[in-house]
Amino acid sequence: MLTKRIIACLDVRGGRVVKGVQFVDIVDAGDPAELAHRHAAAGADEIVLLDITATHEGRGTLLDTVKRTAAALFVPFTVGGGIRNAEDASAVFDAGADKVSINSSAIARPELIGEIGRSFGAQAVIVAIDARRVEGRGVDEAEVFVSGGRKATGLRVLDWAREAEERGAGEILLTSMDTDGMRGGFDCELTAMVSGAVQIPVIASGGAGTAGHFVEVFGRGRADAALAASIFHFGVTDSRELKSELQRAGVPVRLPC
Amino acid sequence: MIAVIDYKAGNLTSVVKTLDYLGAREVVVTQDPAVVVAASKVVLPGVGHFQATSLLQERGLTDAIRQSVAKGSWFLGICVGLQWLFDGSTEAPGVAGLGHFAGQCERFPALYDGAELKSPHVGWNSLERVRSDSRLMRGIEGGGFVYYTHSWRAPVTHATAAVTEYGGAFTGVVEKENVMGVQFHPEKSSAVGLQVLKNFLEL
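Residue numbers (the numbering used here), protein chains in the order written: chain A, 1251 to 1507; chain B, 15 to 217.
Don't read these hints as lab results, they were simulated from the structure.
Treat the hints with care, since some could be wrong.
To be verified - In the EDC-like style, the derived pairs of lysine to aspartate or glutamate whose C-alpha atoms are separated by at most 20 Å in a straight line are:
(1) LYS31/B with GLU1284/A
(2) LYS132/B with ASP147/B
(3) LYS132/B with GLU1416/A
(4) LYS31/B with ASP1344/A
(5) LYS132/B with GLU1415/A
(6) LYS132/B with GLU1413/A
(7) LYS212/B with GLU155/B
(8) LYS1317/A with ASP1281/A
(9) LYS31/B with GLU179/B
(10) LYS1401/A with GLU1391/A
(11) LYS1317/A with ASP1338/A
(12) LYS1317/A with ASP46/B
(13) LYS85/B with ASP46/B
(14) LYS22/B with ASP1344/A
(15) LYS31/B with ASP1314/A
(16) LYS22/B with GLU1365/A
(17) LYS22/B with GLU1337/A
(18) LYS22/B with ASP1338/A
(19) LYS132/B with GLU179/B
As the list claims (entries may be wrong) - Label-pair ranges, simulated between beta-carbon atoms:
(20) GLU72/B with ALA1358/A: 33 to 43 Å
(21) MET15/B with THR1403/A: 24 to 34 Å
(22) GLU191/B with ALA1321/A: 32 to 42 Å
Just so you know, even glycine gets a beta-carbon here, dropped at the ideal spot from N, CA and C.
Hey, can you work out the whole structure from these sequences and the hints?
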C-alpha cells in the first residue's frame, strides 16, 4: 500500500540549518549533511534542503552543501532556492539532488517548469507555492507569495497550482504562511482544496507541531506527504516516534528498519 | 566492468554514486555499443518518457544489449529501464521495447475500485508476492518498502519476481535468468534498495 510520506526540511542559510517563525526570527539548528543523515536514519521518507535566502540575495544555491549532503544519502533528496534557470537546476542535479523545488523563478517564467522536466523528467520538478489567505475572504481566494514570502503576486493559489500541473510539475509543495512555524497545525482546508484540484501529489507544509496535526492533514487535508522542520530539529520528536503514532492512528506509513 | 547506459533519460548521478558506495569496481557511464558488449554487467537506468528509449535503437545500443544478454551478461533495468524490457508502452506507441518480456506498459487508471487514483504513483510502497527463487531479491521479504515515481507500469507476467499494489498489482521486480528489472529506484530506497543493488553486484 502506498504510504504517506514524512519529509524533513532543512532551511539553510550560509551553509547552516536555520529555523524561523512565519519566515522571520531565525535561529541556528545545525549542519545540513549531519541533520539529513540523522533524519534519514530515523525514518524520514525524504529530505528537502531549501536555501532560504538565495533568491532574495540573488545568488546561486550552495552546491558544496548539496554535494556533501547528498553523499551517502539513499532517500529522495530535493533542493530548492536560487534555481533561476535550467542550467542552475542541472548543476544541482549534478551535485546529487533528485528533485528541484522552484518557486519565485517559476512565477517569473512558468516555462521553466517544462524546461527542467524535459531534461530530467517531470518527477524531478517540484513547484513550491507559498500561500497566504486574504482576510475576510474564502480559502479559494488565498494568494501566492514569492521571494521567501516577501512579495505578493496577485495570483490565486488554486489557479497557479493548476497551471503548474499543466506545465508539467511532478509535485506541489504547498506552504501556508499563516500557519508556518507556529506549531498549531497545518492549514487543512487550503491543502484539501489544492489536492482536490490537481492529479499530482501535494506536500503540505507549515504548522506541524504534534502527530495529531499530521493525522489531520493526511485525512481531512487530503495531503500525500507532509513536511516539517522545527519539530524534528530540536528533538521534540523524530520520524520514528511520529510514524509510530501515525500507525496507531491508522495512517499507512513506512516504519524505519 | 559495469556499463551504465546513458541515453539522456534523466539523471545518472545517484545510480553511479550508489554503485560506487557499494564498492563496485570499474563503473563506466557509456553510450558506446562496444563497451556495452564488453561489460560483464549492464545497468539501464532512466526516468522520464518512454520516448527517450528510441535513442537506444538509434545508437545501436539495442543490438548491443541483445548480444550482451545472449552471451549471458547480467542486465538490470531501472524504472523506464524495466519498462523497456517489455514489448512497448502506450506512452510512446511508435517506440518498440526490447520485447524480452511479453506485454505492454500502460498508464495507471484514473479510477480504481470506484475511487479516484492519483497519478503519478509517487512514494514508498511495499513489495509483495516476492518470488523465493529471485536472486535480485535475496534477503528481502514481502512487505519491504521501496521508493517509486512513475505514471506508467508494466503488467504482471510469469517472469514477475515481486508486485506492488497501486490501482491493482503491477510488476515491481522482473527476473528471468540473467535479465532483471526494478520499477522502483533502488538508489533511493534506503536499506531495501541497497540490498537489491548489492545482490546485483554480487552476481
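Here is what the structure says about each hint:
1. Proposed proximity of LYS31/B and GLU1284/A is supported: the alpha carbons are some 19 Å apart, at most 20 Å.
2. The hinted pair formed by LYS132/B and ASP147/B fails the criterion: a straight-line CA distance of about 33 Å is larger than 20 Å.
3. The hinted pair formed by LYS132/B and GLU1416/A meets the criterion: a straight-line CA distance of about 15 Å does not exceed 20 Å.
4. Under the criterion of a C-alpha separation no larger than 20 Å, the hint pairing LYS31/B with ASP1344/A is consistent with the structure, at around 11 Å.
5. Distance restraint check for LYS132/B and GLU1415/A: the Cα-Cα separation of roughly 13 Å lies within the 20 Å cut-off, and the hinted pair is therefore satisfied.
6. In summary, the hint linking LYS132/B to GLU1413/A is supported, as the alpha carbons are separated by about 17 Å, within the 20 Å threshold.
7. This hinted pair checks out: LYS212/B and GLU155/B have alpha carbons roughly 15 Å apart, not beyond 20 Å.
8. Of the pairs offered as hints, the one joining LYS1317/A and ASP1281/A holds, with about 13 Å between alpha carbons and a cut-off of 20 Å not exceeded.
9. With a CA separation close to 29 Å, the supplied pair LYS31/B and GLU179/B exceeds the 20 Å bound.
10. At roughly 17 Å between alpha-carbon atoms, LYS1401/A and GLU1391/A fall within 20 Å of each other, so this suggested pair holds.
11. Using a Cα cut-off of 20 Å, the hinted pair LYS1317/A and ASP1338/A holds, with the two alpha carbons roughly 14 Å apart.
12. A hinted pair counts as satisfied when its Cα atoms are at most 20 Å apart, and LYS1317/A with ASP46/B does not qualify at roughly 28 Å.
13. For the suggested pair LYS85/B and ASP46/B, the alpha carbons sit about 18 Å apart, so the restraint of at most 20 Å is met.
14. As the CA atoms of LYS22/B and ASP1344/A are separated by approximately 14 Å, the hinted pair is consistent with the 20 Å bound.
15. Proximity of LYS31/B to ASP1314/A is assessed by CA-CA distance (about 16 Å); at most 20 Å being required, the pair is judged to hold.
16. A threshold of 20 Å between alpha carbons decides the hint, and for LYS22/B with GLU1365/A the separation of about 14 Å falls inside it, so the pair holds.
17. Restraint check for LYS22/B and GLU1337/A: the C-alpha separation of about 16 Å stays at or below 20 Å, so the hint holds.
18. At roughly 18 Å between alpha-carbon atoms, LYS22/B and ASP1338/A fall within 20 Å of each other, so this suggested pair holds.
19. Distance check on the hinted pair: LYS132/B and GLU179/B sit about 13 Å apart at the alpha-carbon level, within 20 Å; holds.
20. Range check, GLU72/B to ALA1358/A: Cβ separation about 36 Å, and the 33 to 43 Å hint holds.
21. Under the hint 24 to 34 Å, the C-beta atoms of MET15/B and THR1403/A, about 52 Å apart, miss the expected range.
22. For the pair GLU191/B and ALA1321/A, the beta carbons lie near 35 Å from each other, so the given range of 32 to 42 Å is met.
When each numbered hint is compared with the structure, violations occur for hints 2, 9, 12, 21.
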